[in-house]
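Colleague: Listed below, chain by chain, are the residues.
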Amino acid sequence: MAGYKPVAIQTYPVLGEKITQDTLYWNNYKTPVQIKEFGAVSKVDFSSQPPYNYAVTASSRIHIYGRYSQEPIKTFSRFKDTAYCATFRQDGRLLVAGSEDGGVQLFDISGRAPLRQFEGHTKAVHSVDFTADKYHVVSGADDYTVKLWDIPNSQEILTFKEHSDYVRCGCASKLNPDLFVTGSYDHTVKMFDARTNQSVISVEHGQPVESVLLFPSGGLLVSAGGRYVKVWDMLKGGQLLVSLKNHHKTVTCLCLSSSGQRLLSGSLDRKVKVYSTTSYKVVHSFDYTASILSLALAHEDETIVVGMTNGILSVKHRKSEAKKDLVPRRRRPAYRTFIKGKNYMKQQDDILINRPSKKHLELYDRDLKNFRISKALDRVLEPTCSIKTPEVTVSIIKELNRRGVLANALAGRDEKEISRVLNFLIRNLSQPRFAPVLINAAEIIIDIYLPVIGQSPVVDKKFLVLQGLVEKEIDYQRELLETLGMMDMLFATMTRKESTSVLQHNTSDEFLENNKIES
Amino acid sequence: MVEEEGIRVVRCGGSELNFRRAVFSADSKYIFCVSGDFIKVYSTATEECVHILQGHRNLVTGIQLNPSNHLQLYSCSVDGTIKLWDYIDGILIKTFRVGCELHALFTLSCAEDSVFVMINKGKPDVFQLASVKLPKSSSQEIEAKELSFVLDYVNQSPKCIAFGNEGEYVAAVRDFYLSVYFFKKKTTTRFTLSSSRNKKHARNNFTCVACHPKEDCIATGHKDGKIRLWRNFDDEKKYTYTCLHWHHDLVMDLAFSVTGSSLLSGGRESVLVEWREAAEKNKEFLPRLGATIEHISVSPAGDLFCTSHSDNKITIIHRNLEASAVIQGLVKDRSIFTGLMIDPRTKALVLNGKPGHLQFYSLQSDKQLYNLDIIQQEYINDSGLIQIELTKAAFGCYGNWLATVEQRQEKETELELQMKIWMYNKKTQGFVLNTKVNMPHEDHITALCFCNAEKSESSTLVTASKDGHFKVWILTDDSDIYKKAVGWTCDFVGSYHKYQATNCCFSEDGSLLAVSFEEIVTIWDSETWELKCTFCQRAGKIRHLCFGRLTCSKYLLGVTENGILCCWNLLSCALEWSTKLNVRVMEPDPNSENIAAITQSSVGSDLFVFKPSEPRPLYIQKNICREEVLWGVFVPRDVPESFTSEAHQWLNRSQFYFLTKSQSLLTFSTQSPEEKLTPTSKQLLAEESLPTTPFYFLLGKHRQQQQNDKLNEALENELVQLPLTENIPAISELLHTPAHVLPSASFLCSMFVNSLLLSTETKSAEENPDDVDMEEEKESDDSDEENNFTEKIQDTNNTDLEEDIIHQLSKSEEKELKKFRKVDYSWIAAL
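Chains as they are written, first to last, in the numbering used here: chain H, 5 to 523; chain Y, 18 to 848.
FYI, nobody ran anything at the bench for these hints, they're computed from the structure. Errors might be hidden in some of the hints.
Unchecked claim - Far from chain Y, by Cβ distances over 12 Å, these chain H residues were calculated:
1) Gly7
2) Ala12
3) Val441
4) Tyr480
To be verified - Calculated lysine-lysine pairs in the DSS-like style (CA-CA distance at most 25 Å, straight line):
5) H:Lys22 - Y:Lys453
6) H:Lys34 - H:Lys22
7) H:Lys362 - Y:Lys453
Here the structure is a predicted model, which means the values were calculated and not measured. Cβ coordinates follow ideal geometry from the N, Cα and C atoms, glycine included.
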């Protein structure tokens with residue numbers, strides 16, 4: 005026949021942030037290392053080659069940091085004015101940077117002096133990048149022009165004068181050496197083809213564009229400007245795919261996770277948001293202390309580096325996985341002990357006798373199955389259970405009440421046991437989700453132990469605490485009712501449509517009743 | 018096509034199975050139980066109903082095996098007849114007319130010519146145990162008026178009478194005394210429990226009695242849960258008794274095992290207790306049998322027990338206390354809150370079943386399909402406990418969704434309310450819990466309905482409650498990127514001047530929702546949830562509400578407590594018509610415009626079938642039953658009928674079923690009841706004992722036919738000799754000759770087939786010698802032998818009583834006897 009049905013433990017929706025695999029992943033970083041720079045950190049760029057150093061552009065200097073070093077391993081400081089956008093070449097051996105005076109300088113990682121200097125821009129160059137063939141550099145400047153430079157003979161190849169405002173961001177395609185994208189304060193993002201010497205696609209972002217990003221496949225373009233992050237489908241000729249508005253302030257930087265599954269955006273509202281690139285929903289969010297200007301992720305998401313306006317560089321390293329193995333694991337029985345005899349194949353003449361698998365029951369369920377009610381209640385009132393999982397204790401009390409044996413289970417307890425019950429009541433009575441069950445239990449306890457009150461100072465004190473708690477709760481409920489009345493009045497003055505909002509009623513009647521019994 | 022008779026009310030299935038103790042056949046292959054006016058024969062192995070023995074005109078009150086022939090069954094009924102059945106073929110053999118109401122039947126192997134029956138004469142609650150002599154006669158209908166009283170003033174229940182130790186005595190209990198009547202001495206001894214005199218509220222009333230099959234020992238069950246074992250009861254002074262106490266509530270039934278080594282007891286705890294060697298400490302349990310054990314019976318072979326439960330169920334239990342089969346009828350133990358529903362998927366009737374369950378009951382096969390556990394909690398069966406009740410249920414979206422409401426109210430203020438919404442899982446073919454809502458409303462939920470419109474893209478559920486609100490729940494996709502999850506959330510809460518919401522109903526296309534608030538009907542737009550209009554007739558609270566269908570979809574019908582049936586036109590927002598009719602049940606037919614209304618008056622219930630468009634009813638049937646009708650439902654027919662007369666047309670596409678207060682399920686039918694109740698399982702005559710090997714198909718049928726023929730033979734007093742299969746020479750030849758010396762199969766085929774054809778003729782094998790010329794001589798020898806053999810078999814079969822005598826006779830005497838039997842064979846038939 006049907007077996008014993010275990011007590012249904014009431015589950016309650018968990019409040020607060022949901023724990024998802026993304027929150028677990030993105031929270032698995034150590035506390036950030038803070039490095040003070042000389043000015044606002046405008047650009048952080050990781051080398052894509054081991055040992056994954058990163059270049060930090062702040063004020064008139066470019067610092068190269070090793071992955072775990074707190075001090076720069078190299079510094080390029082020969083800039084007359086502010087440097088911008090220090091970017092590694094794909095092989096990690098060259099570095100290009102723009103500067104406020106309109107020059108673009110190319111450095112060798114090992115050297116100090118610039119290898120090449122590209123002169124031609126008349127105003128500050130805020131964006132530079134290497135093209136996919138490694139031999140060209142794209143630069144965008146405040147003189148509204150975008151220029152393509154040849155590295156070997158340091159000559160200007162092409163100039164695009166299609167933007168009508170500052171060009172503040174750019175990005176070259178990783179696949180095609182001739183394609184690159186620039187974003188400008190004229191609200192447009194343009195894709196240029198070096199073969200046609202004009203823009204091939206132009207999309208209207210709507211706000212001054214602060215950052216652009218091409219997906220590794222080159223099919224999707226992400227642009228950030230104003231409070232919006234917009235994703236464009238380049239293969240459909242620049243059709244808007246999705247527009248994300250998750251920040252309060254201007255979005256300044258964009259970055260893709262190493263798997264390409266997540267998009268990160270940093271903003272002046274001091275937040276970094278992580279989006280899924282399939283659903284474009286925010287899956288996680290980081291908080292920082294100051295407005296964020298730059299953001300970069302290391303290889304395999306091992307490190308998150310964020311540069312802020314106050315010149316602080318925040319470096320977060322991923323927690324190492326190996327740590328867990330340090331704790332010696334208890335030796336468990338081998339796999340074969342669990343499958344012993346279960347993998348036996350039935351032979352032809354064998355008669356198979358099935359024994360139903362034993363259902364695992366919790367200890368309190370075992371007690372309840374055998375009608376040991378007091379014992380079951382004792383078990384769930386153990387501090388380990390009653391503090392950690394009060395819903396289990398409440399469910400058992402409810403079940404005992406349903407069986408009509410709650411009074412029997414609560415009766416005949418000594419001072420220590422009854423104070424344990426009272427402690428639980430004091431802790432949980434005021435929680436609305438437990439209140440209906442526990443008020444009933446409290447009434448029963450008061451009924452049972454009323455004749456012996458005054459015999460134990462410990463228990464008497466607990467009863468007084470309980471009484472105080474109930475009185476406080478009644479006051480609170482009264483206040484809530486007053487507020488409700490006020491809100492009803494407010495709603496009544498508003499339009500009819502909005503007056504249908506649901507308001508949770510409360511359990512004040514029950515509290516009042518309980519108080520009567522106690523007094 | 019269909020003969021058009023008058024429409025009559027027909028009881029359809031759902032009859033009680035637990036009215037009396039079930040009886041096992043001698044070989045434990047079948048189990049018999051009384052079921053209303055019928056006796057049902059079930060196979061213990063397959064749980065399938067093999068036969069329904071019908072013939073009694075009133076409630077069947079007792080069944081027993083014929084002690085002198087295990088293949089026959091006696092039954093008695095309130096209609097005053099005892100009938101003798103052949104249960105293997107389902108044939109009525111004989112009817113004995115006794116002439117007064119019979120309430121129980123007992124048979125004894127030592128008194129084969131008489132049976133014991135319980136009758137009452139005069140006062141309604143005075144019952145007597147009497148023995149009836151069954152006269153021997155070859156006619157079908159026999160008068161049996163020869164009654165001799167054994168015990169007077171016995172309890173009505175057959176559980177309170179037991180025959181012991183091969184019929185030496187009979188024990189009967191009533192109230193506080195046990196009386197034992199010894200047949201040989203013809204004396205009655207009476208024992209009274211002492212405490213009954215002293216204590217005012219003593220609870221040690223006798224409830225049941227059982228007698229040890231071998232020893233002089235009587236076991237009695239008591240109201241306080243004790244079992245007493247009485248010994249030495251032939252002396253009124255020296256008697257002793259021992260007490261066994263485990264049950265905490267009354268002992269419902271007791272039974273000794275065949276050998277008497279163990280005693281079985283059961284009660285409200287729904288635990289079968291086996292007391293080994295009648296010792297207190299030596300007991301075994303079979304717990305959680307689901308409902309109160311009402312009867313226990315033991316198979317004559319001793320390998321099976323069975324318990325009948327209050328939820329209309331028979332559980333067959335193996336000797337080692339393992340439940341092996343469950344025969345479940347329509348559960349009628351408890352009151353029906355959910356009403357009658359039809360599962361759109363299985364077309365099964367759905368209603369409250371076991372505590373905390375919904376039962377799916379097939380109307381066609383009168384069989385429970387399955388139980389859906391809604392409450393999912395351990396059921397503690399104890400008097401005075403307030404259980405969680407399953408109060409409302411509704412199907413939605415072609416059976417994809419099921420919403421249920423359960424509640425438990427201990428005190429005025431403490432209401433536990435839970436709404437569960439179940440999704441049909443196609444893979445597991447069952448309902449899976451999807452959403453659980455705690456306290457969906459502050460007060461009782463009065464109505465629950467799904468929007469079943471075809472075009473609606475989102476699923477909608479509406480609940481109406483006494484707290485003055487109705488809530489709209491919609492299916493929302495709260496899936497994030499990690500997992501797909503759909504659940505139901507509250508979309509809208511509506512109210513109307515703090516009146517209690519009493520009914521809710523969606524229009525057929527799902528565009529309008531009607532909610533009744535006490536006397537007022539409100540119409541809401543299901544798109545925007547705006548109040549469109551209200552109807553108020555000031556004629557009492559609205560009891561039922563429903564929209565018209567198909568061509569009548571512009572009408573809304575309401576029934577008020579004051580007995581007024583109103584029909585509103587939704588286009589003109591005005592009352593179309595109203596009439597004074599105290600309607601209890603109003604059900605729309607899903608396949609037509611028709612609406613059935615059952616009214617209640619002091620004399621009985623009447624049925625009206627009408628279309629909302631016209632106030633004149635299509636069909637009226639007065640007095641469909643005497644009691645109150647609680648619920649009704651239209652069940653769509655699988656194959657539409659084609660009645661042409663106007664009065665029958667409403668039955669064309671659907672059939673109307675209704676449930677009365679005494680929980681009998683009735684329907685309207687034009688066919689005669691016999692035709693209606695012919696079981697489709699008649700062809701499924703159990704043959705489960707034989708393994709279905711290829712040879713079974715060749716030989717098994719043949720053998721069965723022979724057996725049947727043999728029985729017929731006995732009945733018709735003819736001596737037709739039939740060879741057994743083993744003795745057909747062709748077959749034995751075929752089977753015993755090594756394969757390598759046999760001629761080819763094609764050569765043997767015709768011979769073999771011909772040999773199988775001789776089922777009706779005796780000596781057909783001899784009559785076609787041209788087929789098997791080479792075996793002619795041998796064969797004739799064989800057939801001679803075979804004749805002798807079959808005769809012998811008949812001897813042993815038909816003369817059980819004189820078996821021992823026959824064995825002592827010499828051969829010549831035997832031959833004489835055989836001749837004698839040929840002359841006078843009729844008395845065998847009387848057995």
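Colleague: Next, verify each hint and record whether it holds.
Modeller: Results for each hint:
no., hint, result
1, Gly7, "7 Å, violated"
2, Ala12, "6 Å, violated"
3, Val441, "9 Å, violated"
4, Tyr480, "19 Å, holds"
5, H:Lys22 - Y:Lys453, "19 Å, holds"
6, H:Lys34 - H:Lys22, "21 Å, holds"
7, H:Lys362 - Y:Lys453, "28 Å, violated"
Comparing the model with each earlier hint shows violations of hints 1, 2, 3, 7; every other hint is respected.
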